[in-house]
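> Listed below are the residues making up each chain.
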Amino acid sequence: MQQLSNESQLIAKVILTGDQLAFTKLVQHYQQAVRQYCRRLCAPDHALADDIAQETFIQSHRKIALYQGSGKFQAWLFRIAYFQFLQYLRSKKIADQLPTDLESPDSHTEAIETRDLEKAMAQLPANERACLTLHYSFGYTHAEITTILAMPLGTVKSHSRRGKERLSQLLSVSSSTSVDQSVA
Amino acid sequence: MTNLEQLLQTPLATIADNGFSKQVIEKIQRYQRIRTMVLTSLYSFVAMMLLLFYPVRQLVTQFVDALIATSQHVNQALFSGESLFTTQFSAIKAILQQPTMMPSLIIITIFSVFFLLHFIQDN
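Chains B and L, in that order, give the protein sequences. Under my numbering, residues 1 to 184 are what the first sequence spells out, in order. Under my numbering, residues 1 to 123 are what the second sequence spells out, in order.
Source of the hints: derived by calculation from the structure; they are not laboratory data. Please note that a few of the clues may not be correct.
In silico negatives: residues of chain B with every beta carbon more than 12 Å from chain L [said to hold, decoys possible]: (1) L48; (2) A120; (3) N127; (4) H142; (5) S158; (6) K164.
When the alpha-carbon atoms are kept at most 30 Å apart in a straight line, the in silico BS3-like pairs for lysine-lysine are as follows [unchecked claim]: (7) B/K92 with B/K164; (8) L/K22 with B/K157; (9) B/K25 with L/K22.
Just so you know, even glycine gets a beta-carbon here, dropped at the ideal spot from N, CA and C.
Starting from the given sequences, assemble the full structure and let the hints guide the process.
Right, here's the structure in full:
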């Protein structure tokens, strides 16, 4: 996702004058990335993902004065989103036990591989899902992920490695199941 | 790069806004309206309590008297040849000795705490 050209000006406007229009532009620009990230975290519950994304933007508006401008604004939003998600898990006391049998509404239009990947992703623990999504889908380095998820570098790397291992196991199982189903 | 890594790097499905941004802004505006209403009510309540239970008129009269007395005191000190430090010190002492000073300082402190809490909550 490309950074907005006048992003720092917009952020400064929101902090200094509470400019709603400037914040609207930021929301419009980042809504897709934040929602994509939340959908991965909450997979396959898209409604929950949108609720968390919405809460992320509301929290970011309240705490925007705390944004120091040292990192990417998107990374800061992802950090808020991740902690919103953890808060949701704690409040529901269902850590990493989100339903996995729901069908994605637009899954029929997606490629089979991608659909399988999303299904497999939904079965991973939240930490692993977050690390893999940030690294592969959004291109963050492991060092940057440590700041977003507030985890040590070693933990981030091990989550990524374990996540990949689990994914390959799940995908090999799912592909063999798909083959079995097509043969039957 | 493995097949899995290639698969993981496949771009995520695009998500149309479909009123999402509008909804977020509306929620923020609603929150701000409620917050302003609550804070205004709270400050009004404190101000009303102050007016009801505190002799405001007496306070203002005494404060004005204190200011006049202090200016007279400073005037006297300046013309009596005292050093600047002594003059300032006795002027401050004279102000603090006025009966209205302590309640005024307490009220100012209460309001400052209110505003400080307000500021902390905002950030």
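> The structure should be examined with respect to each hint, and the outcome stated for every one.
Checked hints:
For B/L48, the requirement that its beta carbon stay farther than 12 Å from each beta carbon of chain L is met, with the minimum near 14 Å. Interface exclusion of B/A120 from chain L breaks down, the closest Cβ pair being 10 Å apart, not more than 12 Å. Chain L leaves B/N127 outside its interface by the beta-carbon criterion, the shortest separation being 16 Å against a cut-off of 12 Å. Under the 12 Å C-beta cut-off, the non-interface status given to B/H142 relative to chain L holds; the minimum distance is some 14 Å.
The non-interface label for B/S158 is consistent with chain L: the shortest C-beta to C-beta separation is roughly 17 Å, beyond 12 Å. Residue-level check failed: B/K164 sits 6 Å from the nearest beta carbon of chain L, not beyond 12 Å. Annotation: proposed proximity of B/K92 to B/K164 holds, straight-line Cα distance about 27 Å (limit 30 Å). With a C-alpha separation of about 38 Å, the suggested pairing of L/K22 with B/K157 is violated against the 30 Å cut-off.
As the CA atoms of B/K25 and L/K22 are separated by approximately 11 Å, the hinted pair is consistent with the 30 Å bound.
The structure is inconsistent with the numbered hints 2, 6, 8, although it conforms to all the rest.
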